[in-house]
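Asks: Taken in order, these protein sequences are the chains called D and B.
Per the working numbering, the first sequence starts with residue 332, numbered consecutively.
Per the working numbering, the second sequence starts with residue 332, numbered consecutively.
Be aware that a few hints might be false.
When chains are identical, the list treats them as one kind, so a pair holds in a single copy or across two.
[To be verified] DSS-like, lysine-lysine: derived pairs with alpha carbons at most 30 Å apart: (1) LYS523 - LYS498; (2) LYS427 - LYS498; (3) LYS378 - LYS354; (4) LYS523 - LYS553; (5) LYS553 - LYS419; (6) LYS523 - LYS567; (7) LYS437 - LYS561.
For the record, the hints were derived by calculation from the structure and aren't laboratory data.
2 protein chains.
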Amino acid sequence: MRAAILIIGNEILSGRTQDVNIKFIAERLALRGIPLAEVRIVRDEEKAVIDAVRSLSESCDYVFSTGGIGPTHDDITADCMAKAFNTKLEINAEAKSRLVNYYVTKNRELNEGGLRMARIPIGAALIDNPVSGAPGFRIKNVFVMAGVPNIMQGMFLGIEPTLAQGKPLLSNTITGAVRESEIAIEMEGIQKQHPDVEIGSYPAMGGTAPSVSLVLRSVDEKKLEAATQKIVKMVKNFDADAVVTYQRPPG
Amino acid sequence: MRAAILIIGNEILSGRTQDVNIKFIAERLALRGIPLAEVRIVRDEEKAVIDAVRSLSESCDYVFSTGGIGPTHDDITADCMAKAFNTKLEINAEAKSRLVNYYVTKNRELNEGGLRMARIPIGAALIDNPVSGAPGFRIKNVFVMAGVPNIMQGMFLGIEPTLAQGKPLLSNTITGAVRESEIAIEMEGIQKQHPDVEIGSYPAMGGTAPSVSLVLRSVDEKKLEAATQKIVKMVKNFDADAVVTYQRPPG
């Protein structure tokens, strides 16, 4: 299985906004056992969005897009998704009804601007928006969600149970006072002996003492343990107080 | 001009690490007047890195990569860059000398692990690392930098004066207590009248009152002002206390 994220938004590419959606989706996918293969961030431009979604939809099992489904002129995601998959937008009756119902609770009426958010590609399935009414949608293997983080999160948690359940990625982290260059060669040997365990090495910079976190990831608990023991032994040769953190998926 | 960022790192795609490099580079490029067209985040896998760098190098004037140039087995960026551009790695004498000199200041010797960081594609130019010695490099139109944020920032600020100087993007922001759906239609009309000004609409969620920030961006100050006046008037019809922020590039 392979998943991709497509972030649509000039506000990320201009540096105005710090993206936080990638990390949220990445963490949830790791827990679900769905490997995240790639992320792309593109501008609010038709060709850029269409090219990216077609490419990712073809190369991945799931694509999660965020951004560009609001009521304003720069919200072009629904249009692009329809064009990317050779269909058209229509006012979706169920989406309109949800918007009207949400607006009633706020003592407001659905106007022409708000109604734009009921424009959904023909054939797409709606994604619930537990925060502000306006739904996302699924078209083919692409889940089209809002860019505002709390809305995106609400939408994602709703679709999560519909996704395939992979083998959750298990991980252990060993953090010790050692330099990467001191362990690089030995660690490479351990990595070669344990090809089903991915070993990542992340130095912490800025402190007074050297520190590195070695993250071991695998879907196989026994293989993970075997590699972890060797890495722990290696690090403790340099730092007897190295800390091992076992991170398990929930449940 | 078009620039792209290529983030190389499983730690971002696993959700372990919150990326902060995109925002830093994006802001600096905006100030330099170099539009950031696209960002890709790929895994530490040879094919993924090579495919992405070739694609971005061809479609963009500049590519800025971060991550994967340390001494450990998962640092495969230099190898991938050499392969992507049909050259080979060699121990770069200048890079080795810089590493030795840096290590001397730390009372350490350059070992086999550390020496890996002197492996640079033949023909590449070095990028200074003012933080920890080990250089990045430029190959063709690709600037290959570290992933650790403070090192990446030091490297980027060093190469920045060598980049072309575009027209800096100017921006004004109008923030008011109004709903996007209330202004969507009128704002679309203003956008159509001002095609050289990009108008982005970003709702703030979670507060008790509705709030939206409208960001106008242009390289042309007069056109920016003309569009800003119309947007300010539109927003003040809803919220007389709307706030206008003029953001200008430095200098």
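Asks: Evaluate each hint against the coordinates.
Replies: Evaluation of the provided hints:
1. LYS523 - LYS498: Answer is within: at 23 Å inside a copy they meet the 30 Å cutoff, but 50 Å across does not.
2. LYS427 - LYS498: neither (38 Å within a copy, 43 Å between copies)
3. LYS378 - LYS354: Both ways: LYS378 and LYS354 sit 26 Å apart in one copy and 23 Å across, limit 30 Å.
4. LYS523 - LYS553: Answer is within; shortest intra-copy Cα gap is 17 Å, inter-copy 61 Å.
5. LYS553 - LYS419: Answer is neither: 50 Å inside a copy and 38 Å across each miss the 30 Å cutoff.
6. LYS523 - LYS567: within (20 Å within a copy, 64 Å between copies)
7. LYS437 - LYS561: Between copies only: 29 Å across, 59 Å inside.
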